[in-house]
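Visitor: Read off the chains here:
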Amino acid sequence: MDVETNRRMARGAVPHPDVQTYDEVNRDVLRALETPGKGWWALLAVAASGVVLFFGAWGWQLYKGIGVSGLNSPVGWGVYITTFVFWVGIAHSGTLISAILFLFRSPWRQSIYRAAEAMTVFAVMTAGLFPLIHVGRLWHAYWLIPYPNSRFLWPNFKSPLVWDVFAITTYFTVSATFFYLGAVPDIAAARDRATGLRKKFYQVISLGWRGTDSQWHHFGKAYIFLAALATPLVLSVHSVVSWDFAMTIVPGWHSTIFAPYFVAGAIFSGVAMVITLVVPMRKIFGLEAYLTTKHFDAMAKLCLFTSLIVLYAYVCEFFLAWYSGEEIERTAFWNRLFGDYWWASWTMLTCNGLVPIMLWFRRIRHSIPALFVIAIFINIGMWFERYVIVVTSLHHEYEPFAWGIYRPSLTEMAILVGSFCWFGFWFLLFTRLIPPIAIAELKEVLPAPRRRQAKEAY
Amino acid sequence: MENAGGLLASYEYLDSTVDTIKGLKKAGFETVRAYTPYPEHHIEDALGYDQSPVRVWTLVGGLTGAATGFALTIWTSIDWPLVVGGKPIVSIPAYIIIAFELTILFGALGTIIGLFVLSRLPSIKPTVVYDPEFSSGRYGVYVEGSHQRLEEARRIMNEQEPIELREGEADD
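Chains A and B, in that order, give the protein sequences. Residue numbering for the first sequence follows the working numbering, starting at 1 and increasing by one per position. Residue numbering for the second sequence follows the working numbering, starting at 1 and increasing by one per position.
Hints are computed from structural coordinates only; laboratory data are not their basis. Treat the hints with care, as some may be off.
What the hints assert, rightly or not - Here are some chain A residues the structure puts well away from chain B; computed CB gaps all over 10 Å:
#, residue
1, D18
2, W41
3, A47
4, L53
5, G56
6, F104
7, P155
8, E288
9, C421
As the list claims (entries may be wrong) - Stretch-level coverage of chain B by chain A, calculated; a stretch enters the list once three of its residues show a Cβ under 8 Å from a Cβ in chain A:
#, region
10, 7-19
11, 23-35
12, 70-81
13, 97-107
14, 144-158
Built from N, CA and C at the ideal position, the CB exists for glycine as well.
With the rest of the complex left out, here is chain A (with noise of 0.2 Å):
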């Protein structure tokens, strides 16, 4: 090792101490492509029966109509609305670390952020589910875009359902080409190994790159705008969703601290998502060279980051709540506590603001188990939080007589359950089909082979 990797070492720009050549790179993370494995194929199974189980819910509620759900006057809004927004803020962590990381040159993204940008896409595929599914008529959801209907009626654009629709759209959009933008040159990379059928497939979506100057000119480029560009979009984009709350006036949902609190929300939950990914991932690719404790230590860090930045909001709810003096927004935050749904709220605030805790501690950051099983309790704790400010809100507003109580159908849960299998579908397949690690990117981070040393080490 010379000088110059020591010194890079020193300042921990080192991220994979043990990967060193180029052909390593390639040897290793193309080999995911090629041998899947049992363990492989039992998830797929899994995910394949709970792709059937959510699309066949989906059809008997279309069959049978919306009310093979719960939701009901005055609970309109119920599970599809809160799994809708877990998983727009699933999404939003890969693109925090694809285009916010690189813009400010974090060392450390370069091994997770094709599969943090693979999570955004799918996640961001799911959750554009759920408004079709809560709408019931499925029929009738192209009423969501803008155009001029028979009789020139125009979406209302004062509406935050219609921003939410441009939002929504941009995103899937800006994000689905962002990452396979940044994929290109990796599978360049695979079909200069493949063969046959996989050859074929690979030459046509890498778009025949060759890796000349002017190609990576062009590219470095357009990568950094699309990076700036997709930064705002990803803090716009979960700050509209909160905005389908704040902007009614539900006690509970009518507050201006919504906007920073969902994005915080979505990150911390998002990071959990992704360790959630990368600890199966790197078992069962062997990538363990790439994705070293180190990765895990910062990502850990940033979900520590995020819950204290979570539950200071659930505090400064509970407080403007009091410090208000309005008694209907006193009353809905002790019935969030103490009322009918105290258990989703509890479980909230263990794993959200209590579980982490032990994140502070850096054995616990550098025990890759621990984490996995810290980053499901958030998972859990982030869902029923968005289950906590929907539903509580929703079930004790104003006015006595239409309070009521909300429960989850069969049919929901399995469309709950079955979006899990259906995200998981298609990023089972992204391992296997796209190289699960930037290969290029990774070369970057790598010292550059020179004669002049090579010669030097004779």
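Please build the complex by placing chain B on the supplied structure of chain A, with the hints as guidance.
Guide: Frame of chain A, contents of chain B only:
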């Protein structure tokens, strides 16, 4: 170019590649192309790049998006004036959100289109002058010129001990 041909050399080391490019540029070769497994700024410097015009596409895309966003929302509000929630017919603060999202959307699409146009993607047809090792760990230098000049190029390329040197002609 009449009697034109090309030479492709593969190198194992970055400094050999950069020296070859500098040598060829110094000898006056105009069409010099490099292949690298990752973006390498030493090579870009040797080839003398300045700003990429992709940024113009991004800017034009973004501005188009902002204009479209405001035009769509304002025009549709005026087209059928309906008072909703006691707000003005044209509520600019609400429309900023639509305009913002479309700025990002069109800006991103503009960037992609610009990239595709500038780097001539997609080009699926098979290419003669390429080595699959370029996406793995090798650097490539390709040069074009008349047959007499190529002898000089061959000498410059051989100075840096290439792994492979072969003749061929690029298709674009």
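Visitor: Against this structure, judge whether each hint is valid.
Guide: Each hint, compared with the structure:
| no. | hint | verdict |
| --- | --- | --- |
| 1 | D18 | holds, 17 Å |
| 2 | W41 | holds, 29 Å |
| 3 | A47 | holds, 30 Å |
| 4 | L53 | holds, 34 Å |
| 5 | G56 | holds, 34 Å |
| 6 | F104 | holds, 18 Å |
| 7 | P155 | violated, 8 Å |
| 8 | E288 | holds, 21 Å |
| 9 | C421 | holds, 30 Å |
| 10 | 7-19 | holds (count 5) |
| 11 | 23-35 | holds (count 3) |
| 12 | 70-81 | holds (count 6) |
| 13 | 97-107 | holds (count 8) |
| 14 | 144-158 | violated (count 0) |
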